[in-house]
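Visitor: Chain residues, written in single-letter form:
Number of protein chains: 2
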Amino acid sequence: MSKKILRTWKHLLPALVLMVLSCKQESGDAALEGSNEEATVASADPLPSWNEGAAKSAIIEFVTAATTEGSDGFIPVKDRIATFDNDGNLWAEQPVYFQLLFAIDRIKLMAEQHPEWKNEEPYKSILEGNLKNIEAQGMQGIVKLVMTTHAGMSPQEFRKIVQDWMAFATHPKTGKPYNQMIYEPMLELLNYLRDHEFKTFIVSGGGVEFMRAWAEVTYGIPPYQVVGSSIKTEFVIENGQAVIKRLPEMEFIDDKEGKPIGINRFIGKIPVFASGNSDGDLQMLLFSDSRDPSFQLYLHHTDSIREWAYDRDSHIGKLDKGLDEALARGWTVIDMANDWKTVFPETNNDE
Amino acid sequence: MSKKILRTWKHLLPALVLMVLSCKQESGDAALEGSNEEATVASADPLPSWNEGAAKSAIIEFVTAATTEGSDGFIPVKDRIATFDNDGNLWAEQPVYFQLLFAIDRIKLMAEQHPEWKNEEPYKSILEGNLKNIEAQGMQGIVKLVMTTHAGMSPQEFRKIVQDWMAFATHPKTGKPYNQMIYEPMLELLNYLRDHEFKTFIVSGGGVEFMRAWAEVTYGIPPYQVVGSSIKTEFVIENGQAVIKRLPEMEFIDDKEGKPIGINRFIGKIPVFASGNSDGDLQMLLFSDSRDPSFQLYLHHTDSIREWAYDRDSHIGKLDKGLDEALARGWTVIDMANDWKTVFPETNNDE
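Taken in sequence, the protein lines are chains A and B.
The first sequence lines up with residues 1 to 351 when you count with this note's numbering.
The second sequence lines up with residues 1 to 351 when you count with this note's numbering.
Just so you know, the hints here were simulated from the structure itself, not pulled from any lab data.
Be aware that one or more of the hints could be misleading.
Treat identical chains as interchangeable: a pair holds within one or across any two.
Straight line, CA to CA, 25 Å or less: simulated SDA-like cross-link-like pairs of lysine to any residue [claimed, not checked]:
(1) K124 / D335
(2) K78 / S154
(3) K321 / E238
(4) K318 / G73
(5) K245 / S230
(6) K132 / P48
(7) K78 / Y224
(8) K232 / E197
(9) K160 / F74
(10) K256 / I267
(11) K232 / S304
(12) K232 / E257
(13) K124 / M147
Isolated chain A (complex conformation):
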C-alpha cells in the first residue's frame, strides 16, 4: 500500500475520534435540486450573497479587467481557467471531510452482507460506534475502510452508491443533506465567472469519482472538469461488455504539490483564478500566481456561529503558511464572518 495514502489520511485521525455519528436517515430527494441556476437570475449585483468589502471588490475588479479588451488585465477567453478546491471551499468540511462520513455510513450499510465484520477491525469499532478504537489501529484501519467502500465496482456503480447516499444522508450537526452544506456565495462566484466565459474546475484532494457523482448537478461542473485524488482502475470485458473496474490501490493524491501537477496533467493550462482555503491549496495558488494577470483567493473560516471558525491549528483545513503567504503576496482573503451575507443556500426542505 502506498505511503502517500497513509500521509494523506493521517491528519483525519484525531478529528475522526471527535466525530459525532448521529447520521439521521431521512428522506431528502429534493436535495439533488441544484441551486446554481438561482444565482444566474439577472441582477445588478452578480454576487448578492457577498457584503460590500475588499474581497468582493477585488473579485469584480479582476473579472471586469479580464473581460475588457485593451485593459492591462485582459485575459483571452481560451485562457480563462478557474480552479476551486472543494472541501472547506465550495462546501463545508467539519467535523470531518464528508467523504469519510460517507465511508462510515457505507460500512454500516454493507455490514448486513458481512456478518464477519462484527469481529473484524476497523469494521467492528465503526459498527459499535467506538471510534477511539480506530485511532489505536492507525492508518491500516483507515486505508482498509476506504478501499472496502470505494473499490471493487465500476465508476458508474460507485457514483450511483454516492448519489443514493447524498439523497438520504444528513450532516451530524446541521441535519441538512450534504449537498445543502455548500456555500451560496461560492455558487454565485462560480456562476459569475462562467457568465464571463471562465471554465470552472474543481481541483480537490477528495476522490474524483466521489465528487463527479454530484458536482454536475450541485455546482454545474461536469465530470471532465473535476480533478481529484483517484484509485487505480483496470479495463475488463465482462459478459462481452467493456467495463472499467475500480481497484483497491491509490493512484494519485491531488493535494499540496499534487494540485499543480494535477492541473498540468488534466487541464494543461495555468489557472488565472485559483481559490482554496487551506495549506493544501498553497501550491495551487502559487502556481496560478506564476501567471500575470491572475487572481488568488483564500477562504478564511472565521464564522463560529453560522459555520465553523478554524485556521492555524485545525486538524482539518489547516490554514497557516497559506495565510502568511496571502498577506505577503497580496492575495485576496475572504473573512467569512464579515464578507458573506449568507453562508448556506436557503432551501425549502431544511426547516
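Take the given structure of chain A and dock chain B to it, following the hints.
Guide: Showing chain B alone in chain A's frame:
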C-alpha cells in the same frame, strides 16, 4: 525505466529504418493558421468533403437522432462526448509517427550544444543519418532519444519547442508542414459534432503535451480536452516562481487498454461517439459500444494514391482485430479511397 515504453516504441523500429530523413527546413509560418473555421461555414451539407455513401449516411443519421428529442437515439447534451484518436485518424502517421520525426529533428538541432553526441549513441547514428544502427541498439536507443528531447523543461517551454518545429519542419514525402497533413473530412466531422453540442476530445497514444502544443489552433480542441501518453512531472519553486518540470520517466501510456482507462480518468463519461483507425483504438471503441445509443467509427486507410494504403500487416496503425470486430459488431468503417472527396486541406501555402 518502465517496460511499458519499451513495448510502445517497439513497433516503431522497423519503420524507423525505412524512414526517409529529408526534412526540409523551410519557412512555413502560415502553417499555424487553423482551418477548422472553414468547415463551419453554413452549408446545406455539413460534410462536403465526404462522398455520399454508407459512412456519411450513418454519421448523419446518428447525429440527427442524438439531437432529436423524443427519438430513440436521443442523447442529452451533457452526455454528448466524442473521442478521437489522433495519429492516422485526425492526421497522417506515415512513414512513422510525426512525433518521432520531431524527436529526430530535435536531436539534430540540439547537437550544436552537445559535441559529445558525435561519439554517443543513439545520437551519433541520427546525426549521420544512419538509421540502421539505431535498430541495432534496440529499445534503449529509442527511449534515450525520447527522454532527451521531451524532458527537462516546463510544459510551457516544451510546447514552444514543438510550435517552433511545427512552423518550420515539413513532411519527408509531401513537403507539407505537418499541420497540413490533417484530414479535411475529419475537421468537418469535428465541427459537425461541435455544432450539435458534442464535446470533442483527442484520446491518443501520442504525447499529451506534444499534441496540446498545436491541437487548439489546428483542430479547435483545447488542452483540457486532450488525453494522451505522458511523462512524470514535478512541482518546484525556481527563483521564487512556481514551475512544473518534465521528468525523463514515463507516467502513462494512452494506448489499447490505456484508452478506456484514460477516458475514465480524464473525461469521466463513456463516449457516445468513438473514432479510431487501428487495433490500438479497439478497447476505446468497445468501451463506447457498452453505451446505447452510441457510434463507433473506424478509418480504413485504403488510398495508396492520395495517402497510404495499409491495414492488417502494417508496422504503424495496424488494423486487424479491429476490422474483424467492426464487421462483427456493425461499426461504421470509412473506406478512405471511396468515402473521401478530399483528404488533406487545400491551402495556399503548399504549392
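Visitor: Which hint numbers doesn't this structure obey?
Guide: 1, 4, 6, 8 and 11
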